[in-house]
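2 protein chains.
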Amino acid sequence: MLKEERQQTILSEVELHNRILLTDIAETLDVSIDTIRRDVKELDLNKKLRKVHGGAISLGFTTNSARNQNIYAVDQKRVIAQKAAAMLKDGAVVFIDGGTTCLELAQLIPENLDLTCFTISLAVAMELSNKPNVTVIMIGGQIAKESQIAIGANTIHNLAEIRVDFSFIGTGYVDAMFGLTEFDWDIVQIKKAVIKASKKTVLLSISEKLNSQHRYKTCDINTINTMITELDPNNDLLSAFKNNDIKIL
Amino acid sequence: MLKEERQQTILSEVELHNRILLTDIAETLDVSIDTIRRDVKELDLNKKLRKVHGGAISLGFTTNSARNQNIYAVDQKRVIAQKAAAMLKDGAVVFIDGGTTCLELAQLIPENLDLTCFTISLAVAMELSNKPNVTVIMIGGQIAKESQIAIGANTIHNLAEIRVDFSFIGTGYVDAMFGLTEFDWDIVQIKKAVIKASKKTVLLSISEKLNSQHRYKTCDINTINTMITELDPNNDLLSAFKNNDIKIL
DNA sequence: ATGTAAAATGCAAAAAACAGCAAGATAAAT
DNA sequence: ATTTATCTTGCTGTTTTTTGCATTTTACAT
Chain H
1 MLKEERQQTI
11 LSEVELHNRI
21 LLTDIAETLD
31 VSIDTIRRDV
41 KELDLNKKLR
51 KVHGGAISLG
61 FTTNSARNQN
71 IYAVDQKRVI
81 AQKAAAMLKD
91 GAVVFIDGGT
101 TCLELAQLIP
111 ENLDLTCFTI
121 SLAVAMELSN
131 KPNVTVIMIG
141 GQIAKESQIA
151 IGANTIHNLA
161 EIRVDFSFIG
171 TGYVDAMFGL
181 TEFDWDIVQI
191 KKAVIKASKK
201 TVLLSISEKL
211 NSQHRYKTCD
221 INTINTMITE
231 LDPNNDLLSA
241 FKNNDIKIL
Chain G
250 MLKEERQQTI
260 LSEVELHNRI
270 LLTDIAETLD
280 VSIDTIRRDV
290 KELDLNKKLR
300 KVHGGAISLG
310 FTTNSARNQN
320 IYAVDQKRVI
330 AQKAAAMLKD
340 GAVVFIDGGT
350 TCLELAQLIP
360 ENLDLTCFTI
370 SLAVAMELSN
380 KPNVTVIMIG
390 GQIAKESQIA
400 IGANTIHNLA
410 EIRVDFSFIG
420 TGYVDAMFGL
430 TEFDWDIVQI
440 KKAVIKASKK
450 TVLLSISEKL
460 NSQHRYKTCD
470 INTINTMITE
480 LDPNNDLLSA
490 FKNNDIKIL
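In order, the protein sequence lines correspond to chains H and G. No gaps in the numbering here: position 225 of the first sequence is 225 in our numbering, and each next residue is one more. Whatever position you read off the second sequence (first residue = 1), add 249 for our numbering.
Be aware that a few hints might be false.
Stated by the list, open to error - Straight-line distance between alpha carbons at most 25 Å, and here's what the computed DSS-like set of lysine-lysine pairs gives:
hint, chain 1, residue 1, chain 2, residue 2
1, H, Lys247, H, Lys209
2, H, Lys41, G, Lys252
3, G, Lys394, H, Lys145
Hint data in this document are derived by calculation from the structure and do not stem from the laboratory. This structure is a prediction, so every number in the text was calculated from the model and none was measured.
Based on the provided sequences and hints, a complete structural model is requested.
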């Protein structure tokens, strides 16, 4: 029996049953277990299947069930979150927005830091409630399904009654000329209320969003006090923002 | 059975039911509890699920919730939740409390049901936001770390401004004589506000809590309109409650 | 505080993987 | 035809992985 032929048989067996045992195949094809081992190793190398201890598994079988809830550009967002976390001091009163970058920030808050955090995001609130020294206040309101943040009149009303040292916000789009913009009108209202409630506003945005714009405007770029991207502050991409009165980290 | 195969099975079980018990899985797959323990440990390490005492929970369910670690008496709680879910009609405006039983209820709400749900629980809010036809309103306030629910004056203030058809509440302790009691003063204040805001109050409680009491009183037993346990309504344990004007399910 | 369930730990047997070697087959070059 | 190099295959002994069991430690609920 040819090697090629044998490997083809192995493959179709894997496709058929989603998984195989090396011992089974060795017996069926009447060759030594080592040969099968080597075949499977090769097929694995060629990404035709996945070799596991004692057998092999079809690629399709493995990928579908594992629901990858991977966040886009996690690494960049983590860098941003680290820079932002460095701004936090004991006793500060801050607001943390929804969005994956802000969630990273919430995760990166040191255990020993004494903070009061307001948020409109269910996920951020949950994350923060794991930090023993952080007082978490969830701003209520109707929950937007996709983003799991509180929106609407009631939320804005509640936001009007607070005053924080820093707010860390994200944005859909940001441009040196057009400022911060969003796809969604409701979100803009929320962000406006947040900015109004903050002494200083810190924008967290991955560089990919720079020089992009959309329909509804949140604020001018110089409303932002500090802007954090994953880039080095001296990066050329950020030069357009330097004319303004913005601190870039 | 291959190890990988087994782990895939564990994962899909977790995704399906949001939570599993190690002993159940061990029996189903016919391997020792140690093996399952090691598998789950490994999957946890690989961030595929979250290992908790006695079982595992899905990551997608809720990232980090102290409440969800408690998978105590899930089956009973699911029975209760099913009975409660049967009470829900299209167009209803309801309040759903925190606590595992209420969380079960939130999960069991049918996809096609049109509802407006108020809640003080982050986990319930998250769960409900997966239901396309449910309008979710999170009542804001300071978040209690252990239970991840909003508490405090602001929450009570917000509760004072709503009026719901039904509220589904849990309780720490319940007794036919002493009524509903709690270990925690703040929680009592919240529950009082909830009851005040409801036309009808539905108590969800596992039978284990019957005939138990604690320091602070929420309300008398006849303040409750409907009481749901996992038991058959004719069970002897419930006879003490039948004298009152309570519907028992 | 207490009893029970779960987790961690160490251990041993079995299975599988691995590395290295030698026999046989194949193909190309001399 | 012989040699040489390469590839394939099976075998051997060793190492690693996996698994279940017994025991201790820890965590949990009451």
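Hint by hint, here is what the structure shows:
no.	hint	result
1	H/Lys247 / H/Lys209	holds, 18 Å
2	H/Lys41 / G/Lys252	holds, 18 Å
3	G/Lys394 / H/Lys145	holds, 24 Å
When held up to the earlier numbered hints, the structure conflicts with none and fits them all.
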